[in-house]
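Residue numbers (the numbering used here), protein chains in the order written: chain A, 1 to 368; chain B, 1 to 390.
Read the hints as simulated data drawn from the structure, not as lab findings. Don't be surprised by glycine CBs; every beta carbon is placed ideally from N, CA and C. Check the hints yourself; a few may be wrong.
In silico BS3-like pairs for lysine-lysine, Cα to Cα no more than 30 Å straight-line [said to hold, decoys possible]:
1) 219(B) with 181(A)
2) 188(A) with 289(B)
3) 259(A) with 293(B)
4) 5(B) with 308(A)
5) 181(A) with 361(B)
6) 27(B) with 181(A)
7) 181(A) with 371(B)
8) 118(A) with 27(B)
9) 181(A) with 289(B)
Residues of chain B placed beyond 12 Å of chain A at every Cβ, according to the derived structure [as the list claims (entries may be wrong)]:
10) 44
11) 89
12) 91
13) 103
14) 136
15) 265
16) 350
17) 353
18) 384
In case you want the letters, here they are:
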Amino acid sequence: MAMKEHGKLTERQFAGIIANTLLGAGTLLLPRDITAVSGTGAWLSVLIGGFISIILLLLLINLGLRFPEETIMEYGMRLTNKWIGGLIGIAFCTYWLFITGIIVRIFSLMLVSSVLLKTPLEVIVIAMLLTVLYFSRSDLQIVGRVNEIYFVFVILFIMYALFLGLREINLIRVLPLTGGKGIMPILKGGLKSFFSFLGFEIVALFIPSLTTQKLAYNYSLKGIVTPLVAYIITMIVSVGVFGVEELQTLVWPTLELIKVTPFPGLLLERMEAVFIAFWVVAIFTTAANVYYASVVGFTQIFKLKEHKTLTLTLLPLAYLSAILPDNLHDVFEYVDIVTKFAAGLIITTIIIYFAAIFIKGRKGDERS
Amino acid sequence: MRSRKRFLPFLLILLVSIILTGCWDLKDINRRVMVVALGLDLAERTETENYEYISMVKLTAQVAIPEKLSGGAGQPLTIGAEAVWNVSAIGRNVSMCYVNLQQRLQDELFLGHTRVLVISEDLAREGLSRYMNFFRNNPEFRRLSYLLISENKAEDLLNTFPKTANLQAIYLMNLIEDEIQRQTMPDLPFIEIAIRDVTSGVDPIAVLISSDKETGNIKYSGLAVFRGDRMVGKLDVEETWSYLQLAEGKLSGLQVVRDVESEIGRLSIVFKDLKRKMRLVLTEKGNFKFECKLSFEGIIFSQEVPAVYTKEIYLDQLENRVSTEVKREIETVFYKVQQKYNADIFGFGELVKTYMPEEWKRIEDWHEEFKKVELELDVETIIRRSGMHM
Numbered sequence: 001m002a003m004k005e006h007g008k009l010t011e012r013q014f015a016g017i018i019a020n021t022l023l024g025a026g027t028l029l030l031p032r033d034i035t036a037v038s039g040t041g042a043w044l045s046v047l048i049g050g051f052i053s054i055i056l057l058l059l060l061i062n063l064g065l066r067f068p069e070e071t072i073m074e075y076g077m078r079l080t081n082k083w084i085g086g087l088i089g090i091a092f093c094t095y096w097l098f099i100t101g102i103i104v105r106i107f108s109l110m111l112v113s114s115v116l117l118k119t120p121l122e123v124i125v126i127a128m129l130l131t132v133l134y135f136s137r138s139d140l141q142i143v144g145r146v147n148e149i150y151f152v153f154v155i156l157f158i159m160y161a162l163f164l165g166l167r168e169i170n171l172i173r174v175l176p177l178t179g180g181k182g183i184m185p186i187l188k189g190g191l192k193s194f195f196s197f198l199g200f201e202i203v204a205l206f207i208p209s210l211t212t213q214k215l216a217y218n219y220s221l222k223g224i225v226t227p228l229v230a231y232i233i234t235m236i237v238s239v240g241v242f243g244v245e246e247l248q249t250l251v252w253p254t255l256e257l258i259k260v261t262p263f264p265g266l267l268l269e270r271m272e273a274v275f276i277a278f279w280v281v282a283i284f285t286t287a288a289n290v291y292y293a294s295v296v297g298f299t300q301i302f303k304l305k306e307h308k309t310l311t312l313t314l315l316p317l318a319y320l321s322a323i324l325p326d327n328l329h330d331v332f333e334y335v336d337i338v339t340k341f342a343a344g345l346i347i348t349t350i351i352i353y354f355a356a357i358f359i360k361g362r363k364g365d366e367r368s
Numbered sequence: 001m002r003s004r005k006r007f008l009p010f011l012l013i014l015l016v017s018i019i020l021t022g023c024w025d026l027k028d029i030n031r032r033v034m035v036v037a038l039g040l041d042l043a044e045r046t047e048t049e050n051y052e053y054i055s056m057v058k059l060t061a062q063v064a065i066p067e068k069l070s071g072g073a074g075q076p077l078t079i080g081a082e083a084v085w086n087v088s089a090i091g092r093n094v095s096m097c098y099v100n101l102q103q104r105l106q107d108e109l110f111l112g113h114t115r116v117l118v119i120s121e122d123l124a125r126e127g128l129s130r131y132m133n134f135f136r137n138n139p140e141f142r143r144l145s146y147l148l149i150s151e152n153k154a155e156d157l158l159n160t161f162p163k164t165a166n167l168q169a170i171y172l173m174n175l176i177e178d179e180i181q182r183q184t185m186p187d188l189p190f191i192e193i194a195i196r197d198v199t200s201g202v203d204p205i206a207v208l209i210s211s212d213k214e215t216g217n218i219k220y221s222g223l224a225v226f227r228g229d230r231m232v233g234k235l236d237v238e239e240t241w242s243y244l245q246l247a248e249g250k251l252s253g254l255q256v257v258r259d260v261e262s263e264i265g266r267l268s269i270v271f272k273d274l275k276r277k278m279r280l281v282l283t284e285k286g287n288f289k290f291e292c293k294l295s296f297e298g299i300i301f302s303q304e305v306p307a308v309y310t311k312e313i314y315l316d317q318l319e320n321r322v323s324t325e326v327k328r329e330i331e332t333v334f335y336k337v338q339q340k341y342n343a344d345i346f347g348f349g350e351l352v353k354t355y356m357p358e359e360w361k362r363i364e365d366w367h368e369e370f371k372k373v374e375l376e377l378d379v380e381t382i383i384r385r386s387g388m389h390m
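Could you build all of it, start to finish, from the sequences and the hints given here?
The structure is reproduced here in structure tokens:
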């Protein structure tokens, strides 16, 4: 299959894919969602969520490196059997498809309610999804390159916005750093913050294509730590500027944060429009990577020749999942459900596959 | 194959005509009404059929007239009342006012350039948050524009045109920004007041402005003190200085004390540097006590009677005098706010929440607890130099 030739993806592109997939819709909601649970200890929650994700990511890579020629869909079906492996694969792909829609929906909602006041929601959703479609028709090489280049834009803009915000922090609002409510709320917030880290599991599809597989651990860590740092700074800055109680009243805390950051020099004012333009890139890479993973995953499960066959077919489903929630609160509820589902799915998959390896032997196959 | 190629241009024309129609409802920038300042007043009370009193609100928008502001070469620039147009509308709430205001204007209102939002005192005394929500919800409205409380009607303030003002709203904004830079006014953009409104443990304050329509004077006259979202009292400018020294550690204003040597004239001191240290302790009675240590560095600004402070003992005495005076003034303001208004504008509650989260959890009503808060002030002054004159 053309999909997983060796050397299609350099390590840097691999790290770029992880970072870009993580930095996305999560940043928009992160500050409110988590402070609601863990107060000023929210940054600790993010740290915990990040550490759990890192462990899961490393386990996934460990699993993938045992089968250097196959993706998770293929060795999964071989390790267990056609039905269990296929079912897990389908669950992953469906969830990726669903999350594409949700991410696009969240971002479109923000655009509609803050900048493009008179544009119908559907128009933005369709425009974003068509771009995603165009992207997902390309080969893995191109996916890697796009992620590598866009990563620079995304991280530069997020860091710049946050460093401007650092000046506005009111230290009283950041303290106490532990939240002052005990350990339970922080752990709960950790689970909530998991949504912002979702998407790292798509690496299981790309490991066979890496140039030097030995470096997978190293670069995947680089890829996931960057968003983790960005998230922690986002948390601290937004709590420091608004305070926990005010954050609960804001629908788009990160956008509001940029609105209240004065920019140096009087020449440029109301810069949030420029920042939203960059945000489109961040959201696009997230949605596109996840959608691409979904398409490729389905292709491998059904053993199709080319992934281009499925790109257009699956798009209506992504659109449906974007349109499915009725209102803002519905969207947040779906996010909650998806987060829990994904966490469960990733953990069970890892357990099942490792158990299968343990039972069937190291290579998990009679071939070895 | 040939027929397919012939078909392509038509397809192109079709596509282009679909894409380009996107501009059919575009609005030029000069077809927008640029609002530079907004004023909110209490209009009148009306009785509805079910004997419910509804207070009507009056929204005044100061609209910039771009043609008057452009001013070509050689033409004198229009200033003051000529450059802007104040339009008002009455409604049941702010959004009704906004809709009614829109009906009086040909083009679409645009709030994105609003610099100041003026709210009249009588409206602030009824409670701010229900009026502020409109602006919080509006994506155009700047979170960093200033919220002012007007002692007169807000409409009157917007109709007061100082002689040097090119655009009245910009004049107001510059007035505030200069005061903030001089550290005589707390930096209170709209968002800060909104944050203080919802945050427990701190009560909002807002800048008070008074105006005189006849003379065109606009004056900064202190702070409006809120309890919850209701305005409960005022601090005058000198009290505001003390407030700033205690709450924000800003070195605002002048300190006037009596001369040490001759006891006849007065001395004015300005402060150059201020270090503030705050410590929170729990007393045996279970009350909170704030130990605040302020160390000032002062400069002699002016003297009424010539006295030379060459002797160490005189300087020491002068420093003591300044310290006692500052301490007395700060304490007066603190007890006034604590006992009379019972509003925690100092943010002491936030300090408790931050440094004693366990204690904070057991407090049900911070305002009640705030009544019992003790303040221990320790003021220290060093006078380093005088001005140009010995």
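Hints and how they fare:
Taking the CA atoms of residue 219(B) and residue 181(A), the gap is near 46 Å; set against the 30 Å cutoff, the hint is violated. Restraint check for residue 188(A) and residue 289(B): not satisfied, since their Cα atoms lie roughly 35 Å apart, outside the 30 Å limit. A C-alpha spacing of about 36 Å is found between residue 259(A) and residue 293(B), which places the hinted pair above 30 Å, so the restraint is violated. Between residue 5(B) and residue 308(A), the direct Cα distance comes to roughly 26 Å. Compliance with the 30 Å bound is thereby established for this hinted pair.
For a cut-off of 30 Å, the pair hint linking residue 181(A) to residue 361(B) stands: about 9 Å separates their Cα positions. With a CA separation close to 52 Å, the supplied pair residue 27(B) and residue 181(A) exceeds the 30 Å bound. With a CA separation close to 26 Å, the supplied pair residue 181(A) and residue 371(B) stays within the 30 Å bound. Between the alpha carbons of residue 118(A) and residue 27(B) the distance comes to roughly 12 Å, so the proposed pair stays at or under 30 Å and holds.
Proposed proximity of residue 181(A) and residue 289(B) is supported: the alpha carbons are some 23 Å apart, at most 30 Å. Listed as outside the interface, residue 44(B) is consistent with that label: its C-beta sits roughly 31 Å from the nearest C-beta of chain A, beyond the 12 Å cut-off. Non-interface status of residue 89(B) relative to chain A is upheld: no Cβ of that chain comes within 12 Å, the nearest being about 21 Å off. Distance check for residue 91(B) against chain A: the nearest CB is about 21 Å away, which clears 12 Å, and the non-interface claim stands.
Even its closest Cβ contact with chain A, about 19 Å, leaves residue 103(B) beyond 12 Å, as expected for a residue assigned away from the interface. A beta-carbon of chain A comes within 12 Å of the beta-carbon of residue 136(B); the shortest separation is about 8 Å. Distance check for residue 265(B) against chain A: the nearest CB is about 42 Å away, which clears 12 Å, and the non-interface claim stands. A cut-off of 12 Å between C-beta atoms contradicts the statement that residue 350(B) is not in contact with chain A; the least separation is 5 Å.
Not every beta carbon of chain A lies more than 12 Å from that of residue 353(B), the smallest distance being close to 8 Å; the non-interface claim is violated. Chain A leaves residue 384(B) outside its interface by the beta-carbon criterion, the shortest separation being 29 Å against a cut-off of 12 Å.
Hint compliance for this structure: hints 1, 2, 3, 6, 14, 16 and 17 are broken, all remaining hints hold.
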